[in-house]
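Number of protein chains: 2
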Amino acid sequence: MRTPPSDHGSSRPAPDVVVVGAGLIGLVTAWRAAQRGLRVSVVAPEPHAAASGVAAGMLTPATEAAFGEEALMRFGIHSRDRYPGFIAELESESGRDAGYRAEGTLQVAFDTDDLARLTELMELQGRLGVKAQRLTGRECRRLEPMLAPSVRGGVLAPEDHSVDPRRLMAALRAAALHRGAELVTDRVTEVVVSGGAALGVRLSGGDRLDAGQVVLAAGTWTPGIGGVPADVLPPLRPVKGQLLRLRTPEGEEPIVTRTVRGLVRGTPVYLVPRADGEIVLGATQEETGYDTRLTVGGVWEVLRDARELVPGVSELEIAETCVGLRPGSPDNEPLLGPTRIPGLHLAVGHFRHGVLLTPATGDAMAEALTGAPLPDHARRFAATRDLGVPA
Amino acid sequence: MRTPPSDHGSSRPAPDVVVVGAGLIGLVTAWRAAQRGLRVSVVAPEPHAAASGVAAGMLTPATEAAFGEEALMRFGIHSRDRYPGFIAELESESGRDAGYRAEGTLQVAFDTDDLARLTELMELQGRLGVKAQRLTGRECRRLEPMLAPSVRGGVLAPEDHSVDPRRLMAALRAAALHRGAELVTDRVTEVVVSGGAALGVRLSGGDRLDAGQVVLAAGTWTPGIGGVPADVLPPLRPVKGQLLRLRTPEGEEPIVTRTVRGLVRGTPVYLVPRADGEIVLGATQEETGYDTRLTVGGVWEVLRDARELVPGVSELEIAETCVGLRPGSPDNEPLLGPTRIPGLHLAVGHFRHGVLLTPATGDAMAEALTGAPLPDHARRFAATRDLGVPA
Chain L
1 MRTPPSDHGS SRPAPDVVVV GAGLIGLVTA WRAAQRGLRV SVVAPEPHAA
51 ASGVAAGMLT PATEAAFGEE ALMRFGIHSR DRYPGFIAEL ESESGRDAGY
101 RAEGTLQVAF DTDDLARLTE LMELQGRLGV KAQRLTGREC RRLEPMLAPS
151 VRGGVLAPED HSVDPRRLMA ALRAAALHRG AELVTDRVTE VVVSGGAALG
201 VRLSGGDRLD AGQVVLAAGT WTPGIGGVPA DVLPPLRPVK GQLLRLRTPE
251 GEEPIVTRTV RGLVRGTPVY LVPRADGEIV LGATQEETGY DTRLTVGGVW
301 EVLRDARELV PGVSELEIAE TCVGLRPGSP DNEPLLGPTR IPGLHLAVGH
351 FRHGVLLTPA TGDAMAEALT GAPLPDHARR FAATRDLGVP A
Chain U
1 MRTPPSDHGS SRPAPDVVVV GAGLIGLVTA WRAAQRGLRV SVVAPEPHAA
51 ASGVAAGMLT PATEAAFGEE ALMRFGIHSR DRYPGFIAEL ESESGRDAGY
101 RAEGTLQVAF DTDDLARLTE LMELQGRLGV KAQRLTGREC RRLEPMLAPS
151 VRGGVLAPED HSVDPRRLMA ALRAAALHRG AELVTDRVTE VVVSGGAALG
201 VRLSGGDRLD AGQVVLAAGT WTPGIGGVPA DVLPPLRPVK GQLLRLRTPE
251 GEEPIVTRTV RGLVRGTPVY LVPRADGEIV LGATQEETGY DTRLTVGGVW
301 EVLRDARELV PGVSELEIAE TCVGLRPGSP DNEPLLGPTR IPGLHLAVGH
351 FRHGVLLTPA TGDAMAEALT GAPLPDHARR FAATRDLGVP A
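In order, the protein sequences belong to chains L and U.
Heads up: the first sequence begins at 1 in the working numbering, then just goes up one per residue.
Heads up: the second sequence begins at 1 in the working numbering, then just goes up one per residue.
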């Protein structure tokens, strides 16, 4: 960390790239750009407060699959398949464990209606070429004995894994620093645009940080950055998630051994285990604006469904409560790469898929920042696509 | 605060009284003793971690009334009636607001069985001479419009009020200091008994703090203090309570205007409002030993019943979660005053009634520490009573 340079000269040359935001998307962009030899500065007011640190870290495009989202699911599957190589490279460069676990994901249905929805989902997964194995309730309980006797059936997605987003962020931070990126703890108030091109950013104290290219990667907080025309950055709506982190008592077996996603009377709930016995339990999806309050109703909903699915969860300790805001774009898909303003890029709108899409986003942004077109997989998510939003 | 004196002399004379524990009971004992001209030291390892700081602060002997506990209820009613004068004196000596609120308490029943239990309770209250007014469901909702439509009826106890135990502790601390008491932040490992009499206490570092009299007032942690024969201090069992502190949004009316206690399918739940918009929501009663974990099951139970009783509570923010251990004696009644060991007193076992019994306990301990008999109201709770516990 260093004091940002003033307008009146700095001891360091201006960076090639300023990345605004130090969540997973900002950090992976910084790391990948630095690997390409670019001088990168990452600016964030509270680098450890990113919504990435709240996320559960499921890498489950197969169980996330929803109708009308096939293209996004394909991008998710591509990014998921990038994970093993991505993690190996990251752990090697950072010298840190990134918290990746490869035990697959079990999706289960609580009642007959939930099972019908799971059957539809499996058909969609089949069309997408996703590996998924249908299980009876009994087979589900054989895999996860703590599941409620009422669980009707499920689907095992043997290639859908999980990662600990907090460890992943720490590893990305270390890897980016290792590659020479710098982290600046400050708030970007605006993008400096002059003569139609982005020249850098303005920091909270009024100082300017010049750079050849600017990447906006501040998740749901991105629209608060000034200087960006409305037709360049579409509206991002915050989708609030409330979740809990539970602690397994010393010496006891974890209550689930792999990610378990459930549909309980139509409401999704999940339990994601970590190596240290932590279980992440979530999550609400609430469109209540920039509201980060932990609420009675939100916590109750998550606890109610988790207890139905895995009754033994009642005995576990609540170690932490968390609230995060997912950044939803108008079409729920990310916005990647250059905008119509030369030098200004977006890496936003990852909604519920930020952790999953981290490797693929890093690849795409590295191409964009070195002047190459977006990779095929990412092209559909170009920041310049027509979203039907009036300018 | 000061460094405790060593065995080899201190710049200060040994206190007349050492009080072990800095919760409400320890502090009120210290204040009252100091008012009588005694030099008092209060010793606690974490003076702000007392279970008193978790308590909701209901002064509701009438709604707490239970069969077989009439004598304790009479002591509670006596202590409740002492509150206005006690608060006036305390606020005057401490110069602090002690957080007393005199709006009465509404007890409501959720279903027909709950209403039957409430009717029995009212009969008991009648026998105890407690003011209580029977209300229909409609009358309850007129008083508290946010109550669920399903509330069947209730009882208004117009003289059962509430106090904020955190403010009360701060005021007692200030008043005790004002009267010359000193607070020592340390852990007492044992009572020093020699020649059959208590001579002081031993502190964590091994130093001795001599005193003419010792009062054990460390709640559920008291049995951890060494040097006390088993027949002097009966077993105290921790009864865990999990509760939540909710926040009313800026500018909104609080969801309840007075203490509301409910029976929801046989389970008690309460909402206690504070002047600053905080609502205390509780509480579980769990006999799980020295376990201070916040659990899924505990939080879920409290939220479930609160939502049934006052559905609008769902919208409120959870500002804080708390766990405390109530000290339950073998007969659920407090143990006050001298033991068979000269110089050693108890002020423990207040169970669910510590806040309520604070004024009366202060009175009783001041008498005991000045060599007088316990006041009539307190005599039944003498520490030397036969509890049928084998020595």
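In case anyone wonders, no lab produced these hints; they're calculated from the structure.
A portion of the hints provided could be inaccurate.
Here are some chain L residues the structure puts well away from chain U; computed CB gaps all over 12 Å [as the list claims (entries may be wrong)]:
| # | residue |
| --- | --- |
| 1 | 46 |
| 2 | 120 |
| 3 | 136 |
| 4 | 234 |
| 5 | 249 |
| 6 | 298 |
| 7 | 304 |
| 8 | 330 |
| 9 | 343 |
| 10 | 366 |
| 11 | 373 |
Label pairs and their calculated CB-CB ranges [claimed, not checked]:
| # | chain 1 | residue 1 | chain 2 | residue 2 | range |
| --- | --- | --- | --- | --- | --- |
| 12 | U | 285 | L | 385 | 40 to 48 Å |
| 13 | L | 311 | U | 113 | 21 to 29 Å |
| 14 | U | 285 | L | 251 | 24 to 32 Å |
Just a few of them, taken from the derived set where beta-carbon distance is under 8 Å, the chain U residues facing chain L [unchecked claim]:
| # | residue |
| --- | --- |
| 15 | 122 |
| 16 | 124 |
| 17 | 246 |
| 18 | 248 |
| 19 | 251 |
| 20 | 307 |
No residue lacks a Cβ here, since even glycine has one placed at the ideal position from N, Cα and C.
Outcome of the hint check:
no.: 1; hint: 46; verdict: holds, 20 Å
no.: 2; hint: 120; verdict: holds, 31 Å
no.: 3; hint: 136; verdict: holds, 27 Å
no.: 4; hint: 234; verdict: holds, 30 Å
no.: 5; hint: 249; verdict: violated, 8 Å
no.: 6; hint: 298; verdict: violated, 8 Å
no.: 7; hint: 304; verdict: violated, 7 Å
no.: 8; hint: 330; verdict: holds, 28 Å
no.: 9; hint: 343; verdict: holds, 41 Å
no.: 10; hint: 366; verdict: holds, 41 Å
no.: 11; hint: 373; verdict: holds, 47 Å
no.: 12; hint: U:285 to L:385: 40 to 48 Å; verdict: violated, 58 Å
no.: 13; hint: L:311 to U:113: 21 to 29 Å; verdict: holds, 25 Å
no.: 14; hint: U:285 to L:251: 24 to 32 Å; verdict: holds, 27 Å
no.: 15; hint: 122; verdict: violated, 30 Å
no.: 16; hint: 124; verdict: violated, 32 Å
no.: 17; hint: 246; verdict: holds, 7 Å
no.: 18; hint: 248; verdict: violated, 12 Å
no.: 19; hint: 251; verdict: violated, 15 Å
no.: 20; hint: 307; verdict: holds, 6 Å
Of the hints listed earlier, those the structure fails to meet are numbers 5, 6, 7, 12, 15, 16, 18, 19, in rising order.
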